[in-house]
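Engineer: Going line by line, the protein sequences match chains G and L. Counting along the first sequence from 1, when you hit position 27 you're at 27 in the working numbering, and nothing is skipped either side. Counting along the second sequence from 1, when you hit position 24 you're at 24 in the working numbering, and nothing is skipped either side.
To be clear, the hints were calculated from the coordinates, so they are not data collected in a lab. You may find that some hints are simply not true.
[Said to hold, decoys possible] Which residues of chain G face chain L? A partial, calculated answer using Cβ under 7 angstroms:
| id | residue |
| --- | --- |
| 1 | Tyr-39 |
| 2 | Gly-43 |
| 3 | Leu-47 |
| 4 | Phe-105 |
| 5 | Thr-109 |
| 6 | Val-113 |
We put the beta carbon where it would ideally sit given N, CA and C, even for glycine.
Residue-level listing of the chains:
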Amino acid sequence: AQSVAQPEDQVNVAEGNPLTVKCTYSVSGNPYLFWYVQYPNRGLQFLLKYITGDNLVKGSYGFEAEFNKSQTSFHLKKPSALVSDSALYFCAVRVSTGTASKLTFGTGTRLQVTL
Amino acid sequence: DSGVTQTPKHLITATGQRVTLRCSPRSGDLSVYWYQQSLDQGLQFLIQYYNGEERAKGNILERFSAQQFPDLHSELNLSSLELGDSALYFCASSVLRGAGGPDTQYFGPGTRLTVL
Numbered sequence: 001a002q003s004v005a006q007p008e009d010q011v012n013v014a015e016g017n018p019l020t021v022k023c024t025y026s027v028s029g030n031p032y033l034f035w036y037v038q039y040p041n042r043g044l045q046f047l048l049k050y051i052t053g054d055n056l057v058k059g060s061y062g063f064e065a066e067f068n069k070s071q072t073s074f075h076l077k078k079p080s081a082l083v084s085d086s087a088l089y090f091c092a093v094r095v096s097t098g099t100a101s102k103l104t105f106g107t108g109t110r111l112q113v114t115l
Numbered sequence: 001d002s003g004v005t006q007t008p009k010h011l012i013t014a015t016g017q018r019v020t021l022r023c024s025p026r027s028g029d030l031s032v033y034w035y036q037q038s039l040d041q042g043l044q045f046l047i048q049y050y051n052g053e054e055r056a057k058g059n060i061l062e063r064f065s066a067q068q069f070p071d072l073h074s075e076l077n078l079s080s081l082e083l084g085d086s087a088l089y090f091c092a093s094s095v096l097r098g099a100g101g102p103d104t105q106y107f108g109p110g111t112r113l114t115v116l
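Whole structure, please, built from the sequences with the hints as guidance.
Structural biologist: Right under this line is the structure:
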């Protein structure tokens with residue numbers, strides 16, 4: 001079965017420092033991987049996705065993610081964290097057959113950025 | 001703003017009742033997805049509709065049903081509600097450009113259901 005794992009429930013970072021939120025995947029075939037962010041009492045906002053091509057994917061709000069096939073990882077990164085980045089981050093893998101499609105999400109990682 | 005709208009934002013009801021959640025997809029999106037987010041289950045896929053037809057089914061209870069109408073809006077019906085059905089219900093939509101085509105799902109703000 002296709003799945004993603006987020007090994008950290010919470011990541012704490014000081015503002016201005018680089019941040020990494022980890023995600024590993026288990027899929028058969030080519031992985032389509034996504035990162036979403038959820039702010040309190042809000043829906044999920046799309047950050048970025050990996051389909052194919054360049055292993056470094058750039059997304060919204062200065063975030064990027066590095067796809068590593070040998071390590072089956074898709075870690076989310078940002079060079080300099082902001083307090084406003086504090087939120088819940090979800091990694092997801094798209095599972096599809098023809099026009100049947102769904103996202104399978106990880107358990108989420110809470111990012112806390114402090115001054 | 002993702003362009004996906006959901007109503008109502010909040011819903012409080014009693015056990016045994018039935019509710020209907022509504023979703024309007026982004027303009028041009030043919031596919032609608034429903035997800036449930038709860039503290040114990042996390043984010044779980046419920047069901048997908050594509051251009052009016054059911055395409056994929058996840059961990060959706062038999063007490064739950066959904067449909068997508070000709071104008072592409074969708075409704076999720078939850079019946080015989082139990083305390084454990086309290087959760088945030090999200091709708092998402094995507095273009096879904098045919099088999100294998102990569103698509104991004106855009107999520108609505110969700111409906112928070114509280115069953116008392």
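Engineer: Could you run down the list of hints and mark each one as holding or not?
Structural biologist: Going through the hints against the structure:
no.: 1; hint: Tyr-39; result: violated, 11 angstroms
no.: 2; hint: Gly-43; result: holds, 4 angstroms
no.: 3; hint: Leu-47; result: violated, 10 angstroms
no.: 4; hint: Phe-105; result: holds, 4 angstroms
no.: 5; hint: Thr-109; result: violated, 12 angstroms
no.: 6; hint: Val-113; result: violated, 23 angstroms
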